[in-house]
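Visitor: Turn these sequences into a full structure, and let the hints steer you where they fit.
Protein sequences appear in the order of chains A and B. Be aware that the first sequence starts at 6, since it is given in the working numbering, and climbs by one per residue. Be aware that the second sequence starts at 6, since it is given in the working numbering, and climbs by one per residue.
Among the hints, a few may not be true.
[As the list claims (entries may be wrong)] Only pairs whose alpha carbons sit at most 20 Å apart, straight line, appear in this in silico SDA-like list of lysine to any residue: (1) B/Lys43 to B/Ala86; (2) B/Lys43 to A/Leu43; (3) B/Lys114 to A/Asn58; (4) A/Lys49 to B/Ala86; (5) B/Lys43 to A/Met10; (6) A/Lys49 to B/Val29; (7) B/Lys121 to B/Lys75; (8) B/Lys43 to A/Asn58; (9) B/Lys8 to A/Gly47; (10) A/Lys32 to B/Phe52; (11) B/Lys117 to A/Lys32; (12) B/Lys114 to A/Ser92; (13) A/Lys49 to B/Tyr37; (14) A/Lys32 to A/Glu57; (15) A/Lys49 to B/Ile65; (16) B/Lys117 to A/Leu43; (17) A/Lys49 to B/Lys43; (18) B/Lys43 to A/Glu108; (19) A/Lys32 to A/Asn58.
Derived by calculation from the structure, the hints in this document are not laboratory data. These figures come from a predicted structure and were not determined experimentally.
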Amino acid sequence: NAGVMQNPRHLVRRRGQEARLRCSPMKGHSHVYWYRQLPEEGLKFMVYLQKENIIDESGMPKERFSAEFPKEGPSILRIQQVVRGDSAAYFCASSPPWTGAEETQYFGPGTRLLVL
Amino acid sequence: AQKVTQAQTEISVVEKEDVTLDCVYETRDTTYYLFWYKQPPSGELVFLIRRNSFDEQNEISGRYSWNFQKSTSSFNFTITASQVVDSAVYFCALISNYGGSQGNLIFGKGTKLSVKP
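Guide: In structure tokens:
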């Protein structure tokens with residue numbers, strides 16, 4: 006059973022460009038989460054999605070960031086007009102459907118975004 | 006407020022030593038879940054253990070053991086006879102149903118463990 010897949014693993018963008026990060030959850034998982042790890046900081050929650058629905062985006066910056074999890078295909082985290090402060094590791098996690106107890110989130114290998 | 010504190014920023018030990026990584030959490034909820042994840046130098050996040058607030062039994066898995074104490078809001082992680090391959094950053098995390106939210110893992114800042122040969 007393949008784990009959570011993220012691509013690209015490394016992404017370099019110049020200031021003002023757009024960054025698109027992709028995440029394919031584990032087979033059978035319908036919940037996707039995005040976290041950001043800034044240098045010298047821990048991991049911070051960004052957004053929680055189910056198919057075609059954003060459940061919780063309380064951790065998303067108000068501007069330039071968006072996320073989706075379409076009916077078909079991977080989840081996409083999109084950062085428009087990137088700035089140097091967006092340089093970070095972005096992790097995607099997935100979990101099975103919620104059954105009344107919090108399920109374990111399994112993480113992908115992350116995408117390292119570097120903004121020049 | 007929900008919070009996870011890992012007071013030890015960095016720990017360095019010599020191979021075969023035992024080492025304990027501390028984790029203290031705060032939550033107002035009575036139902037919550039605690040996790041440990043390992044981030045080796047390669048960068049991925051590896052799930053180690055999940056514990057719910059109703060199960061205070063300690064757990065042992067090979068050289069790893071976890072001590073969950075609700076009285077002190079702690080969920081400490083011990084590695085026995087450490088090995089160089091244990092070198093990594095270890096994160097403790099909390100999730101609860103407070104306010105009806107789901108999915109929001111609260112991470113500590115991590116403890117960087119270096120095991121020297």
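Visitor: For every hint, state whether the structure bears it out.
Guide: Evaluation of the provided hints:
1. B/Lys43 to B/Ala86: 17 Å, holds
2. B/Lys43 to A/Leu43: Holds, at about 17 Å.
3. B/Lys114 to A/Asn58: With a Cα-Cα distance of about 30 Å, the restraint between B/Lys114 and A/Asn58 is violated, given a limit of 20 Å.
4. A/Lys49 to B/Ala86: 32 Å, violated
5. B/Lys43 to A/Met10: 18 Å, holds
6. A/Lys49 to B/Val29: With a Cα-Cα distance of about 18 Å, the restraint between A/Lys49 and B/Val29 holds, given a limit of 20 Å.
7. B/Lys121 to B/Lys75: 33 Å, violated
8. B/Lys43 to A/Asn58: Violated, because 30 Å separates the two Cα atoms, which is more than 20 Å.
9. B/Lys8 to A/Gly47: Given pair B/Lys8, A/Gly47 holds - Cα atoms ~12 Å apart, limit 20 Å.
10. A/Lys32 to B/Phe52: 17 Å, holds
11. B/Lys117 to A/Lys32: 32 Å, violated
12. B/Lys114 to A/Ser92: Cα-Cα ~18 Å, so holds.
13. A/Lys49 to B/Tyr37: 18 Å, holds
14. A/Lys32 to A/Glu57: Distance ~17 Å between A/Lys32 and A/Glu57 Cα, so the pair holds.
15. A/Lys49 to B/Ile65: Roughly 29 Å between the alpha carbons, so the hint for A/Lys49 and B/Ile65 is violated.
16. B/Lys117 to A/Leu43: Given that 20 Å is the threshold and the Cα spacing comes to 16 Å, the pair holds.
17. A/Lys49 to B/Lys43: 16 Å, holds
18. B/Lys43 to A/Glu108: 18 Å, holds
19. A/Lys32 to A/Asn58: With Cα atoms ~19 Å apart, A/Lys32 and A/Asn58 stay inside 20 Å; holds.
Violated hints, listed in ascending order, are 3, 4, 7, 8, 11 and 15; each of the other numbered hints is respected by the structure.
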